[in-house]
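Q: With chain A's structure known, arrange chain B on it following the hints.
Protein chains: 2
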Amino acid sequence: MKKITIGIIGFGTVGSGLYRLIRQNGELIGLRKGISVEVKRVCDLRKDYVTKNTENVAVTDRWQDITGDPGIDIVVELIGGLEPAKTIIMEALRGGKSVVTANKKLLAEKGYEIFQSTGKNGVKLGFEAAVGGGIPCILALKQGLVGNKIKSIMGILNGTTNYILTRMDETHRSYEDALREAQQKGFAEADPTADVEGFDAGHKISLLSMIAYGKRVDYSSVLTEGISQINEIDLSYARDMGYVIKLLGIAKETGGVLDIRVHPTMIPMTHPLASVRNEFNAIMYDGDMTDPVILYGKGAGSLPTASAVLSDIIQIAEKMEIQEQALLTSGDAVYIGPESRLSRYYLRIHSHDRPGILSKISGVLGNHGISIASVIQRENVTDDEFLPLIIMTHEAREKDLFEAVKEINDFKFVGKNVVVIRVEDSLQAGEK
Amino acid sequence: MKKITIGIIGFGTVGSGLYRLIRQNGELIGLRKGISVEVKRVCDLRKDYVTKNTENVAVTDRWQDITGDPGIDIVVELIGGLEPAKTIIMEALRGGKSVVTANKKLLAEKGYEIFQSTGKNGVKLGFEAAVGGGIPCILALKQGLVGNKIKSIMGILNGTTNYILTRMDETHRSYEDALREAQQKGFAEADPTADVEGFDAGHKISLLSMIAYGKRVDYSSVLTEGISQINEIDLSYARDMGYVIKLLGIAKETGGVLDIRVHPTMIPMTHPLASVRNEFNAIMYDGDMTDPVILYGKGAGSLPTASAVLSDIIQIAEKMEIQEQALLTSGDAVYIGPESRLSRYYLRIHSHDRPGILSKISGVLGNHGISIASVIQRENVTDDEFLPLIIMTHEAREKDLFEAVKEINDFKFVGKNVVVIRVEDSLQAGEK
Numbered sequence: 001m002k003k004i005t006i007g008i009i010g011f012g013t014v015g016s017g018l019y020r021l022i023r024q025n026g027e028l029i030g031l032r033k034g035i036s037v038e039v040k041r042v043c044d045l046r047k048d049y050v051t052k053n054t055e056n057v058a059v060t061d062r063w064q065d066i067t068g069d070p071g072i073d074i075v076v077e078l079i080g081g082l083e084p085a086k087t088i089i090m091e092a093l094r095g096g097k098s099v100v101t102a103n104k105k106l107l108a109e110k111g112y113e114i115f116q117s118t119g120k121n122g123v124k125l126g127f128e129a130a131v132g133g134g135i136p137c138i139l140a141l142k143q144g145l146v147g148n149k150i151k152s153i154m155g156i157l158n159g160t161t162n163y164i165l166t167r168m169d170e171t172h173r174s175y176e177d178a179l180r181e182a183q184q185k186g187f188a189e190a191d192p193t194a195d196v197e198g199f200d201a202g203h204k205i206s207l208l209s210m211i212a213y214g215k216r217v218d219y220s221s222v223l224t225e226g227i228s229q230i231n232e233i234d235l236s237y238a239r240d241m242g243y244v245i246k247l248l249g250i251a252k253e254t255g256g257v258l259d260i261r262v263h264p265t266m267i268p269m270t271h272p273l274a275s276v277r278n279e280f281n282a283i284m285y286d287g288d289m290t291d292p293v294i295l296y297g298k299g300a301g302s303l304p305t306a307s308a309v310l311s312d313i314i315q316i317a318e319k320m321e322i323q324e325q326a327l328l329t330s331g332d333a334v335y336i337g338p339e340s341r342l343s344r345y346y347l348r349i350h351s352h353d354r355p356g357i358l359s360k361i362s363g364v365l366g367n368h369g370i371s372i373a374s375v376i377q378r379e380n381v382t383d384d385e386f387l388p389l390i391i392m393t394h395e396a397r398e399k400d401l402f403e404a405v406k407e408i409n410d411f412k413f414v415g416k417n418v419v420v421i422r423v424e425d426s427l428q429a430g431e432k
Numbered sequence: 001m002k003k004i005t006i007g008i009i010g011f012g013t014v015g016s017g018l019y020r021l022i023r024q025n026g027e028l029i030g031l032r033k034g035i036s037v038e039v040k041r042v043c044d045l046r047k048d049y050v051t052k053n054t055e056n057v058a059v060t061d062r063w064q065d066i067t068g069d070p071g072i073d074i075v076v077e078l079i080g081g082l083e084p085a086k087t088i089i090m091e092a093l094r095g096g097k098s099v100v101t102a103n104k105k106l107l108a109e110k111g112y113e114i115f116q117s118t119g120k121n122g123v124k125l126g127f128e129a130a131v132g133g134g135i136p137c138i139l140a141l142k143q144g145l146v147g148n149k150i151k152s153i154m155g156i157l158n159g160t161t162n163y164i165l166t167r168m169d170e171t172h173r174s175y176e177d178a179l180r181e182a183q184q185k186g187f188a189e190a191d192p193t194a195d196v197e198g199f200d201a202g203h204k205i206s207l208l209s210m211i212a213y214g215k216r217v218d219y220s221s222v223l224t225e226g227i228s229q230i231n232e233i234d235l236s237y238a239r240d241m242g243y244v245i246k247l248l249g250i251a252k253e254t255g256g257v258l259d260i261r262v263h264p265t266m267i268p269m270t271h272p273l274a275s276v277r278n279e280f281n282a283i284m285y286d287g288d289m290t291d292p293v294i295l296y297g298k299g300a301g302s303l304p305t306a307s308a309v310l311s312d313i314i315q316i317a318e319k320m321e322i323q324e325q326a327l328l329t330s331g332d333a334v335y336i337g338p339e340s341r342l343s344r345y346y347l348r349i350h351s352h353d354r355p356g357i358l359s360k361i362s363g364v365l366g367n368h369g370i371s372i373a374s375v376i377q378r379e380n381v382t383d384d385e386f387l388p389l390i391i392m393t394h395e396a397r398e399k400d401l402f403e404a405v406k407e408i409n410d411f412k413f414v415g416k417n418v419v420v421i422r423v424e425d426s427l428q429a430g431e432k
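As given, the protein sequences belong to chains A and B, one line each in that order.
If you're matching positions, the first sequence starts at 1 in my numbering and goes up one per residue.
If you're matching positions, the second sequence starts at 1 in my numbering and goes up one per residue.
In isolation and in its complexed conformation, chain A is listed as follows (with noise of 0.2 Å):
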């Protein structure tokens, strides 16, 4: 049996997971693999804490203990953020050992020094943890997909934000009452800021983006806009016209150019990413070879994350003297603009009920080179002084649809700023 020694850097919700499963599991896997993993030392600043949940394993609340252990093979990393985590995993790489971290705020913000630090001396570095809990994502991309050119990926990559959505959608709830429930429930934080925006997403496709194109990507100019602005209206709307609407990463590739971009997204209800509901996560590949590969399952919580960072651990021992391609091969990624980026658009006007206003919006799209598709106006039964128009484009350019919506929303009539919702239905899944 070959033994491999890890060092644990964070005993919290993944890394007490870890030691968990490797308890539980531990025999399991080395009948399956031939590989004995041992916890030789856990750095945490709550040393009694751990010392009091665990058996036989070095207790530390100095990083450098861990990095610096000429016995311990693999350094799992599992703070997050920014600092210290990037001195950690820069240490322990120079060093000469492999990492596996679950960080992908780091990854997606610093990867590229990183990644440059990996591919010499054998020395790996594993982030399965980082992207979709539980479910093998990256190795599916890295080496299940390895012959495939991906021509895109969709994801709905943050827990949180579908929860919420979900609910909104199938209970008729406001964002603020299904925000509530899913802190209530654990599933959102009590500053939700990093899911509700789409930050987690952003910081998650850009990092699927970097491993699937090979090329250097620069999170801060990837479009992240959150769902704070959707209503249960939008929702119902966009179930009455065949569609949901999910917060989706996506990241396209076409000749060369990147678009990489979260938002909420109306897609068809039969699209397969239509029906991953509640905290469940859902990754979709489309390889040229392959076409759609969908993997579907937990997100986000101790044990699938934990076991993601196991895989990782397994992954590295296997191929501990192998020399390995650095990860990113191929150069800075060229992004796509405004100007060309292609899609149809879900507008939400609230207008004045009064005779004209249609005429009106519909000129100064007309103007902007945007047909319309489908329109959706319901007689004004309430008190309310505004009432919601609802258009559906035909196939438009980003920058012509804002300039007209910046118009639209200047008019006297119109009270408050239009909600534009992107439609992805190019692929429908199921089919041919």
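Treat the hints as calculated values from the structure; they're not laboratory data.
Any given hint might turn out to be false.
Identical chains share a label here; the pair holds if one copy fits it or two copies do between them.
Below, a list of computed lysine-lysine pairs in the DSS-like style, where the Cα atoms sit at most 27 Å apart [unchecked claim]: (1) K149 x K120; (2) K142 x K412; (3) K319 x K2; (4) K40 x K412; (5) K120 x K47; (6) K40 x K360; (7) K416 x K2; (8) K120 x K86; (9) K215 x K110; (10) K149 x K416; (11) K252 x K149; (12) K149 x K86; (13) K319 x K142; (14) K149 x K2; (15) K142 x K185.
A: Leaving out everything else, chain B in the frame of chain A:
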């Protein structure tokens, strides 16, 4: 750049797809992995056809020219069937060459002997393409979920039958009509027996069970039931009750005892496998750490399957020198019998429309300890002599159920044999 030479035996759908994939994406694969894959020799009886469709490739009609070529690193067996495939693979492994194959029938029926011959001298066997076409489901199971006990596997493993059931459900056509349509569209073969009787799915679930549980599984002990007895009215009654009918391969492990089977199964419409339509495949692994993880995609076809073969080739190339564990590690499987297999059941009974019949039938069920959850009997508005009576039972032992069904079949007022469909509603994915 590391160079790997392969020999392809069988230049049919998958073999020619693999050749095309390497031509088209070989450069990209080299960039990603630092590995260049060269097709050195192809073996096929149609030598002229292969010569016409390839460049710089030696062509032979003797497989020994490939297994015996010292310049070939990996033998790719793509002829299918038991012999000569088995002899070819054993000969290659004995000669120290790794093998990649898509041959599910061979591995399910004779895998034990073949698996025993791997894991020595760095000789490896890849068979990602044997299950789920382009979906990396073997990789996910072996590597991604390596830290999990697999509580169960449930899969739509056969595209032909899923296409037929989808068409029956959505267009209300008969089994015969849907089968004919599948044949016209190339989703079913002229002799569809292996697909519609569940043998193909049986091979695949046997193979997945061997990997998941590390045990020798005897294919002949796997229960396989096909879809030819399913009537479009069963799909419509199922939908009324909130279910869809899918041909599932199922493997469950409880206390070291395996339950492996293939049969038409009613699953709730909210189940993630319920939305897998047409010729698509999907596999759900329920891990003790991850909870359900689902993979979805095209389960067949030239390029998707070639993508899986290529993924195996690259993985073997990356780990060429490394010793691996033998695949099966813990003896023979122990199977569950119908005495202890529990399920809910859907029964379609065709009987004369006469008073007292429901009481007699429920009496038989009651005598066998089977209680009824719901009944549908519509008024007879047709001229049919026999009227369908639909009964959904509570959970019952399969042995009891089949004894009761035998008695019901013996009633004179029952027109034809009772149709039995098992119901799986234990897992409501998308829920906590």
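Q: Each hint: holds or not?
A: Now for the hints, and whether the structure bears them out:
When the C-alpha separation of K149 and K120 is checked against a cutoff of 27 Å, the pair qualifies only within one copy, where the shortest distance is 26 Å, while the shortest distance between copies is 34 Å. For a Cα distance limit of 27 Å, the shortest separation of K142 from K412 qualifies neither inside one copy, at 53 Å, nor across copies, at 62 Å. In this assembly of identical chains, K319 and K2 lie within 27 Å of each other by CA distance both inside one copy and across copies; the values are 12 Å within and 16 Å between. Proximity of K40 to K412 under the C-alpha cut-off of 27 Å is found in neither arrangement, the shortest distances being 68 Å within a copy and 73 Å between copies.
Proximity of K120 and K47 under a CA criterion of 27 Å is satisfied in neither setting, with 34 Å inside one chain copy and 45 Å between copies. Taking identical chains as interchangeable, the C-alpha atoms of K40 and K360 are never at most 27 Å apart, the minima being 71 Å within one chain and 68 Å between chains. In this homomeric assembly, K416 and K2 never come within 27 Å of each other (Cα to Cα): the closest approach is 65 Å inside a single copy and 61 Å across copies. For the homomeric pair K120 and K86, the shortest alpha-carbon distance inside one copy (18 Å) is at most 27 Å, but the shortest distance between copies (40 Å) is not.
In the homo-oligomer, the alpha carbons of K215 and K110 lie at most 27 Å apart inside one protomer (13 Å), although the nearest pairing across protomers, at 44 Å, exceeds that limit. Within a single copy, K149 and K416 get their C-alpha atoms no closer than 43 Å, and across copies no closer than 54 Å, so neither meets the 27 Å cut-off. Taking the closest pair of Cα atoms, K252 and K149 come within 27 Å of each other only inside a single copy of the chain (11 Å); across copies the shortest separation is 36 Å, beyond that limit. In the homo-oligomer, the alpha carbons of K149 and K86 never lie at most 27 Å apart, since the shortest distance is 31 Å inside one protomer and 33 Å across protomers.
When the C-alpha separation of K319 and K142 is checked against a cutoff of 27 Å, the pair qualifies both within a copy, at 15 Å, and between copies, at 15 Å. With identical chains, the CA atoms of K149 and K2 are at most 27 Å apart between copies only, with a shortest distance of 21 Å across copies and 36 Å within one. Neither within a single protomer nor between protomers do K142 and K185 lie at most 27 Å apart by alpha-carbon distance, with minima of 34 Å and 33 Å respectively.
The structure fails hints 2, 4, 5, 6, 7, 10, 12 and 15 (numbered hints given earlier, in ascending order).
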